[in-house]
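Novice: Using the sequences and the hints, build the whole thing.
Chain residues, written in single-letter form:
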Amino acid sequence: MIKKIKKFWAEILIFLSIMGPGMITANVDNDAGGITTYSVAGAHFGYSLIWSFIPIIIALVIIQEMCSRMAVVTGKGLADLIREEFGVKVTFYAMVVLILSNIFNTISEFAGIAASAELLGINKYLMVSGSALFVWWLIVKGTYKSVEKVFLFACLFYVCYVVSGFLSKPDWNEVFASSIKPEFRFDKAYLFMLMGVIGTTIAPWMQFYQQASVVEKDIKLKNYKYSKLDVVVGAFMVNIIAVFIVIVCANTLFRHGIRIETAKDAALALKPFAGQHCFYLFAFGLLNASIFSACILPLSTAYSVCEGMGWEVGVNRRFREAPQFYSLYTAIIIIGAAVILLPGVKLIPIMLISQATNGLLLPFVLIFMLLLVNNKRLMGKYTNSKVYNFFAIGTVVAMVGLSIALLVAQFTQ
Amino acid sequence: MFGKQERQDLVNENAKKMFIYFSALMDRPVIDSKGELVGELYDVMVKPSEVYPQSAQMIIRTGFFSRRYAVVDWADIQEIDGKEVTLKTDKTKLSFKEKHNNKEALTLRRDILDQQVVDTYNHKVIRINDIHLLEVDQSLMIAHVDISLRGLLRRLGFEKVVDFLVRLINDKAPYLENEHLITWKNIQPLSVNPVSMTIKINVPQKQFNNIPAADLGEIFLDLDMQHQSVLFKSLDLKNKAKIFMNIDAKAQKSLIEEVDPKEIVDILNSIPSDEATDILEQLPKDTSERFLSLMESKQAKKLSQLLGYSSDSAGGLMVAEYISFPKDTVIETVLKQIKERTFKVEPAQFVYIVDEVNHLIGSTSFRRLLLAQPQEPIQNAAFPKTYCVHLDSSVKEVAYRMEKYKYNAIPVVDENNVLQGIITVDDILSQVIAIAWRRLKKIKTKTTL
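Keeping their order, the protein sequence lines are chains A and G. First residue of the first sequence: 0, per numbering that gives the first Met the number 0; consecutive thereafter. First residue of the second sequence: 0, per numbering that gives the first Met the number 0; consecutive thereafter.
Keep in mind that the hints were calculated from the coordinates and are not lab data. In this text the structure is predicted, and so the values were computed from the model without any measurement. Honestly, I wouldn't trust all of these hints.
[To be verified] Part of the chain A face toward chain G, derived, beta carbon under 10 Å: (1) D79; (2) E83; (3) E84; (4) G86; (5) V87; (6) K88; (7) F91; (8) D217; (9) K219; (10) K221; (11) K224; (12) M308; (13) G309; (14) R376.
[Claimed, not checked] When the alpha-carbon atoms are kept at most 27 Å apart in a straight line, the in silico DSS-like pairs for lysine-lysine are as follows: (15) A:K144 <-> G:K249; (16) G:K46 <-> G:K249; (17) A:K168 <-> A:K180; (18) A:K219 <-> A:K380; (19) A:K219 <-> A:K375; (20) A:K187 <-> A:K3; (21) A:K224 <-> G:K249; (22) A:K6 <-> G:K252; (23) A:K2 <-> A:K221; (24) G:K46 <-> G:K87; (25) G:K87 <-> A:K144; (26) G:K441 <-> A:K144; (27) G:K159 <-> A:K88; (28) A:K221 <-> A:K6; (29) A:K219 <-> G:K252; (30) G:K252 <-> A:K221; (31) A:K168 <-> A:K270; (32) A:K140 <-> G:K440; (33) A:K221 <-> G:K184; (34) A:K221 <-> A:K148; (35) A:K219 <-> G:K284; (36) A:K224 <-> A:K375; (37) G:K395 <-> A:K380; (38) A:K144 <-> G:K123; (39) A:K140 <-> G:K82; (40) A:K6 <-> A:K148.
Glycine included, C-beta positions come from ideal geometry on N, C-alpha and C.
Specialist: Given below as structure tokens:
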């Protein structure tokens with residue numbers, strides 16, 4: 000009996016040392032853009048979209064698990080593998096699109112920082128340049144271990160949304176009922192929202208980041224089960240938090256029929272219904288999420304581009320040892336912060352471009368992933384099983400279809 | 000006949016003709032003896048046995064949606080250049096199959112281009128952007144690999160545009176020189192077959208012998224895990240030991256888990272005993288005992304004795320390899336024996352003088368021995384006095400004594416004055432530095448508080 004307990008604690012300890020990449024990648028999903036989407040979904044459609052988070056969890060686990068497995072088995076990043084198996088041309092163009100998409104994503108994260116600064120009554124210029132400096136310093140001066148600790152700590156602050164969810168006093172019976180009973184409406188606005196909610200969940204930078212960080216963390220094959228658990232826990236965590244965002248907005252804004260456009264609108268509109276505390280929690284959550292993602296997105300770009308082009312990679316290296324890696328990282332942060340501080344910048348076109356480039360790249364990345372993970376020469380006996388492949392291909396087809404539909408919808412609107 | 004510049008240009012022109020980049024051949028059309036299109040050049044297999052591998056076969060690819068491959072011997076090629084490949088035979092003699100997998104062969108596209116290799120000259124892990132081939136007697140040899148940005152641009156088809164732009168700005172820009180070509184002699188490929196976990200080719204790994212041990216350890220840590228264990232397994236004992244001593248404890252541990260215990264024992268046998276005990280100390284008790292049980296008994300006894308001492312006492316720091324002679328030995332014999340013996344470590348230049356049961360009597364130096372009369376007993380060449388430390392002396396004490404008497408090695412004795420081993424100045428220095436660092440850190444944290 001005692002032996003069993005001891006073993007249990009040992010396993011917990013191993014898990015704690017392995018966890019990180021999956022959880023961090025998943026949590027960054029709830030970035031400024033994600034929070035906006037979920038707020039709007041809750042405000043405009045109430046609880047009626049909550050059911051969609053269950054298939055989202057499954058899709059997220061399936062896709063991210065494959066990345067994690069490839070990292071552990073091959074010890075190489077996704078961009079590394081794409082370069083080695085599909086050649087330099089494909090890699091180069093994929094990286095160009097990835098850089099574009101991540102720059103626009105980073106801009107919208109800095110927009111999130113600016114918005115939350117305004118909500119919290121802090122000077123926008125101070126906040127944006129301060130956070131840019133902070134995220135730059137964190138990566139350039141830190142090691143992988145220290146950076147990961149900061150990231151995991153940032154994950155904890157997402158609890159803000161859970162607390163604010165409880166503060167809004169929802170009817171839990173109704174929440175549970177709508178989460179297991181898919182409600183499908185065939186009006187245009189509902190379908191758009193549904194596509195938006197699912198579409199923001201899986202973005203190309205996530206696969207690159209997850210695989211690169213598992214590689215940098217040097218996780219061994221025998222500890223792979225913990226890495227898998229890391230992915231699953233991360234997927235559940237991010238979606239539970241997303242559900243709470245929807246709940247807060249559904250319970251207050253939807254009930255009173257208030258329409259919103261952004262996360263900032265949501266926070267401001269919350270104030271009269273849910274009180275001061277809820278407002279601050281919501282605003283602080285947005286700030287935390289935005290800073291966190293403003294760090295991860297440029298980092299993911301630097302990882303993948305340098306892997307693909309054969310340059311030195313790694314948070315553990317110094318600026319001198321990996322100049323391209325750090326220059327790229329620095330440049331993206333500077334662009335992201337500078338654009339948002341320009342007077343008269345319109346956010347909507349930026350978000351549109353970032354979604355469009357994401358949607359353009361995602362099909363390629365997912366298809367490459369499927370080909371790589373099923374390549375016996377690379378993966379040995381760790382390729383997908385037939386059943387797993389059935390679900391993986393299903394997910395990939397669904398995600399590709401969705402992102403193309405979203406792309407078409409946005410530009411024909 | 001020619002001016003100097005013109006002659007140089009001619010040489011360059013000829014050199015250009017002899018060398019060709021693999022990117023210029025890849026995907027070029029292949030035409031048979033009747034002038035009909037067969038397919039495109041997909042890959043080239045080389046004979047890996049030589050220093051500069053030579054082309055042996057060509058793989059032709061055809062079709063777009065249902066791809067098929069055919070293998071052609073190099074002897075069947077009429078002509079090959081940057082535009083197309085002409086075959087001696089005609090199309091009907093080729094047999095196209097769905098797969099071209101030849102696990103044993105080394106191929107340019109699959110195994111070298113875009114892959115990671117070790118540059119054994121600059122001691123780095125690099126990714127190959129292009130391959131520079133030399134044309135010799137109708138066949139191609141791998142001469143250099145290109146890791147430059149220019150190579151990357153060439154593959155992307157932007158080389159000419161960028162070259163033009165660079166020339167506009169600076170005609171002599173370093174970018175335009177071929178300085179990033181690395182000769183194949185210094186390249187160690189790392190293609191791994193994950194099923195059998197072997198490196199496909201085993202080029203004699205002489206190159207590794209020239210790399211300083213510390214750099215070899217660093218190269219090793221630069222590789223991904225899979226490559227690490229595969230590379231390790233393919234090295235000879237000497238290089239294995241070199242790597243093993245120069246990686247951090249974490250990497251050592253994971254190697255120990257993956258490599259056959261017998262091999263680890265061989266390594267432990269071939270490295271200095273203080274290094275071996277350091278490694279054994281970090282392992283769980285049952286693991287280190289298993290290694291000791293696999294060792295030959297004399298070595299095991301020595302190591303388990305060393306293991307018994309606390310790592311910050313003289314006993315834990317000392318090496319059990321030293322030179323000692325009975326007090327009556329004639330100097331001539333001493334010198335002869337020193338010359339004949341092989342040492343695992345470069346011994347400090349002291350010779351210890353002991354009695355029949357290894358009690359420490361005195362010491363002498365190589366210099367003193369050389370200057371003394373060859374016929375005299377060793378005792379006569381001894382220093383007037385020899386200082387030593389005890390097994391349980393602290394690091395500080397050892398350092399203090401060594402500094403005081405200006406020793407670069409100090410003997411360690413037990414309570415009965417029996418010689419146990421020696422501590423060299425570099426062993427003690429690393430300990431002292433570590434202590435100093437810890438102190439400095441403490442002071443720093445205190446002042447910041």
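Novice: Among the hints numbered above, which are violated by the structure, and what are their numbers in rising order?
Specialist: Result: hints 11, 16, 20, 25, 33, 37 and 39 break, sorted rising.
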